[in-house]
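> In case you want the letters, here they are:
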Amino acid sequence: MPEPILEIKDLTVEFSTEDGIVHAVTGVSYDLYPGEVLGIVGESGSGKSVSMLSVLGLVPMPPGKIVHGEALFKGDDLVTMPKNKLRDIRGGPMAMIFQDPMTSLNPVLTIGDQISEAIKVHNRGKSDDDVKKRTVELLELVGVPFAERRVEQYPHEFSGGMRQRAMIAMAIANEPTVLVADEPTTALDVTIQAQIVEVLKTAQRETHAAIVLITHDLGLIAELADRVVVMYAGRVVELADVFTIFNSPRHPYTVGLMNSLARVDVDLEWLEPIPGQPPSLITPPSGCAFHPRCAFSQGRAICRTEIPELRKADEGVHLSACHFAEELAVTHVRVGAGAGDGS
Amino acid sequence: MTETQEMATAEESVASTNGNELLRVEGLVKHFPIKAGVFKHTVGQVQAVSGVDLTVRTGETLGVVGESGCGKTTLGRTIIKLLEPTAGRIVFDGRDITHFRRRQMRPVRRDIQIIFQDPYASLNPRMTVREIVSEPLRIHGIYRRGEGRRRVEELLRTVGLSPEHANRFPHEFSGGQRQRIGVARALALNPKMMVLDEPVSALDVSIQAQVVNLLAQLQNEFGLTYLFIAHDLSVVRHVSDRVAVMYLGKIVEIGTRKQIYGAPMHPYTQALLSAVPIESPDLRGKRPRIVLEGDVPSPANPPSGCRFRTRCWKAQEICAQEEPALIPRAGGDHPVACHFAEVMNPLNLAEQARVQQAAHQAAQRAAQQIAGE
Chain A
1 MPEPILEIKD LTVEFSTEDG IVHAVTGVSY DLYPGEVLGI VGESGSGKSV SMLSVLGLVP
61 MPPGKIVHGE ALFKGDDLVT MPKNKLRDIR GGPMAMIFQD PMTSLNPVLT IGDQISEAIK
121 VHNRGKSDDD VKKRTVELLE LVGVPFAERR VEQYPHEFSG GMRQRAMIAM AIANEPTVLV
181 ADEPTTALDV TIQAQIVEVL KTAQRETHAA IVLITHDLGL IAELADRVVV MYAGRVVELA
241 DVFTIFNSPR HPYTVGLMNS LARVDVDLEW LEPIPGQPPS LITPPSGCAF HPRCAFSQGR
301 AICRTEIPEL RKADEGVHLS ACHFAEELAV THVRVGAGAG DGS
Chain B
1001 MTETQEMATA EESVASTNGN ELLRVEGLVK HFPIKAGVFK HTVGQVQAVS GVDLTVRTGE
1061 TLGVVGESGC GKTTLGRTII KLLEPTAGRI VFDGRDITHF RRRQMRPVRR DIQIIFQDPY
1121 ASLNPRMTVR EIVSEPLRIH GIYRRGEGRR RVEELLRTVG LSPEHANRFP HEFSGGQRQR
1181 IGVARALALN PKMMVLDEPV SALDVSIQAQ VVNLLAQLQN EFGLTYLFIA HDLSVVRHVS
1241 DRVAVMYLGK IVEIGTRKQI YGAPMHPYTQ ALLSAVPIES PDLRGKRPRI VLEGDVPSPA
1301 NPPSGCRFRT RCWKAQEICA QEEPALIPRA GGDHPVACHF AEVMNPLNLA EQARVQQAAH
1361 QAAQRAAQQI AGE
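In the order they appear, the protein sequences are chains A and B. Everything in the first sequence is counted per the numbering used here, starting at 1 for the first residue and increasing by one. Everything in the second sequence is counted per the numbering used here, starting at 1001 for the first residue and increasing by one.
Keep in mind that the hints were calculated from the coordinates and are not lab data. Quick caveat: nothing in here was measured; it's all calculated off a predicted structure. All residues carry an ideal CB built from backbone N, CA and C; glycine is no exception. There's no promise every hint is true.
What the hints assert, rightly or not - Ranges of calculated distance between the beta carbons of each label pair, as one might list FRET restraints: (1) G1094/B with P275/A: 36 to 44 Å; (2) Q153/A with E1021/B: 33 to 41 Å; (3) G1094/B with K201/A: 49 to 57 Å; (4) G299/A with R1149/B: 49 to 57 Å; (5) N1124/B with S16/A: 37 to 45 Å; (6) F1222/B with I282/A: 13 to 21 Å.
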């Protein structure tokens, strides 16, 4: 395997709140390899966004705090790096796309100005004409029609889908090597989502960037990700390539997620939800954080007393943080590969 | 069994398990005025719902799907008269409630309840769960001390909460639990029907499934009738007996679940079904995607003729001139509002080639449009 370009190592992030310390991310490690799409999937509060945004300096501190860990980007630690150096990396070699383009675009600047600024910040010497040309080129690349004219418009004159395209144009303006997409399609309608997925694919083809795709949408993961990190209650519970995650998961939470899904292509008699409620991150359950909701633990003591390590669960690179990962190999995930017969 | 036979049996079973028509909506229109100027005179109309016909039978679930701005939420709210209809007729349980005044609506509201998307916004943060769940009983003057208490506890148990939760406040609960509180409140008056407006969209997947199952269980237990409004085509497939697809204020296709998901005929339905990401990496690259260019036009100024024509790869001259009626079309037996309706199922991998062709046409058309403008 090639060298990773980003290595998150044993990252722990906390937030201090009135109610106590929120353990948002605990001992998280994962690597990102050049050109791949790494999906980070989890439900609200799983720490999927915080694990990435904290090392980019995008989590307000305080109340947030990186207690522990490092994030090596081409060998340099983002966590200990001076702020101005981190600023050069953000929007340059590491760029971001967020969920809600309306709040992440500046309403009083034209789309063109904002993209131009992104280019200029990282290319001081570039002439205005070149910047303008590049701006139009970028908008055309992400499929904004009449780009020449639309650079003069303001964000409110763009529809949701067009704004998301503009965000992507801005993100790829400086040919990043890492593109962090945090719920890039969540706020959009299905038909617009489909457009944006295509744009993301184009963007990756053009820049060869590695993409960190943070989402709760397993459909999007199935469609785009090469490898998948599954997070629960601030920890990585499973990590494998996308086919393995969907076809032979080795963590009860991942299995539970798959079985909760309603599918558009299959009729299911009954959904099998994960029972119970998401855990408190202030006072997480003892041992394995998933044990109170786990159908598989069957009251075994070790689940309550010992935090399971993320370890090799299968052939290849397949890690699971379950004491009984091997037993899951013989149980069946109810929703199979899906023949998609549509009836 | 052939597909048509299967479909026929599916239809029969819907008809036999479900009783009479509980709700009938005819030609329902809801326009919102656009006001401008110092004197706030009306300069236009947002045509949120423009001429919807549908019926819902006792005990069934009618799913309503569509993207934002298609009017599905306005439709739900107009049906229960949270909004006054601009035109059309609403008949609920044999009574024409279209022009009922507030006082007349009171007894009707016992029978038809609504659940909202956002469990955070729809519960009063200063009221305890007991107060929230018993409020409908008090409003309708049927809360009796002692008995009312027991009723609240029973309702909480019914929705999977424990009676001890009654003294807590909404902020002490997670999203899924709050939605359960909303359901308990809606159940308090033993309604016949519930309008569920995106009841699970704000919830995480694992919790969504809990609430979906709860709704199914309550439907079985109490014989409830649901109008289930959602943008999520997967959830709608799972919960619905019949499905209506809306686009820009109109129903473009309506049929049994089997018809809509097994033999969709409207290009918009087909585009939607092709666009939904499926949770299976094995299908990667095997499902051609019909990417519709552009956005939904403004409901203040909808296109002439067929409202979908500006994004449709099949559009011809007639589509701009003549609005297609929602009627059964050749090749199918459920109502479709398209001049060129034809069965094509993007969910069926055997039909890949045809879907691919449509996807190609859609892309070409989009390119032409951009070039031509």
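> Does each hint fit the structure? Answer for all of them.
Hints, one by one, checked against the model:
At roughly 41 Å, the beta carbons of G1094/B and P275/A sit within the given window of 36 to 44 Å. Between Q153/A and E1021/B the Cβ separation comes to about 50 Å, which falls outside the hinted range of 33 to 41 Å. Between G1094/B and K201/A the beta carbon distance is about 54 Å. The supplied range of 49 to 57 Å therefore holds. Checked against the hint of 49 to 57 Å, the C-beta distance between G299/A and R1149/B comes to roughly 35 Å, which is inconsistent with it.
Roughly 30 Å separates the CB atoms of N1124/B and S16/A, a value that falls outside the hinted 37 to 45 Å. A C-beta distance of roughly 38 Å is found between F1222/B and I282/A, which places it outside the suggested range of 13 to 21 Å.
In terms of the numbered hints stated before, the structure departs from hints 2, 4, 5, 6, listed from lowest to highest.
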